[in-house]
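Got chain D sorted already, so can you dock chain U onto it with the hints?
If you're matching them up, the sequences are chains D and U in order.
The opening position of the first sequence corresponds to residue 299 in the working numbering, with each subsequent residue numbered one higher.
The opening position of the second sequence corresponds to residue -5 in the working numbering, with each subsequent residue numbered one higher.
If you are wondering where the hints come from, they were derived from the structure by calculation, not from laboratory data.
Check the hints yourself; a few may be wrong.
Unchecked claim - Between beta-carbon pairs, the in silico distance windows are:
1) D:Thr369 / U:Glu53: 31 to 41 angstroms
2) D:Asn300 / U:Thr14: 25 to 35 angstroms
3) U:Ala44 / D:Arg365: 26 to 36 angstroms
4) U:Gly10 / D:Thr349: 38 to 48 angstroms
5) D:Pro338 / U:Glu67: 24 to 34 angstroms
6) U:Gln11 / D:Lys358: 17 to 27 angstroms
7) D:Ile404 / U:Asp50: 36 to 46 angstroms
8) D:Lys366 / U:Gln11: 24 to 34 angstroms
9) U:Phe4 / D:Lys366: 38 to 48 angstroms
10) D:Lys366 / U:Met13: 16 to 26 angstroms
11) D:Lys354 / U:Val82: 29 to 39 angstroms
12) U:Tyr89 / D:Pro338: 21 to 31 angstroms
As the structure is a prediction and not an experimental result, all values here were calculated from the model.
C-beta atoms are modelled at their ideal positions from N, C-alpha and C, and glycine is treated no differently.
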Amino acid sequence: GNSVTQMEGPVTLSEEAFLTINCTYTATGYPSLFWYVQYPGEGLQLLLKATKADDKGSNKGFEATYRKETTSFHLEKGSVQVSDSAVYFCALRGVTFGTGTKLQVIP
Amino acid sequence: NAGVTQTPKFQVLKTGQSMTLQCAQDMNHNSMYWYRQDPGMGLRLIYYSASEGTTDKGEVPNGYNVSRLNKREFSLRLESAAPSQTSVYFCASRYDRGLDGYTFGSGTRLTVV
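So here's chain D without its partners, still in its complex pose (with noise of 0.2 angstroms):
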């Protein structure tokens, strides 16, 4: 069946740092691939997207490669700040979510 795995947090990093969120994947096929945002208090915010492989999702600075061969999704940010601070989500085909991993940002 169906499944995502996501890297445990929470992940704690310092402001400007590089984030990696690593997710990776079990499906038949080739299915779209999707990361969530969800700050506290708010219902989930799709953040990119990818349907096909090798191809690359972006919005607002953060990036993620829709990679076959390692069935992986990872999730990368040059230098975060702040407000980047909420919990992130991937998804399978949208339907299937991994638990979510939380991100703060310390000044």
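Okay, now just chain U, sitting in the frame of chain D:
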């Protein structure tokens, strides 16, 4: 742009009580979904509706029923609430099943005592 609107935002129920969570979207989306979010478990799909007039079970449907009232509205009903249903419930919608991301509502925090 209202997007996806959920009501109520908070609710406390006693065990055995019933209630309906309401969800409406104004984006002309075809598919609508109900998820529950529990600590350490991510989001789990309860029910979904791929189009008006159809509903299907998700991963955790037991204890819930749904109604796709029209294209805009998708309600979730708890007939006899149990403490295990204490959770945050999110409604979501999207235009196309496979390729689009969701638009989520802001959630309903339900406590069953």
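Can you name, in rising order, the numbers of the hints this structure does not satisfy?
1, 6, 8 and 10
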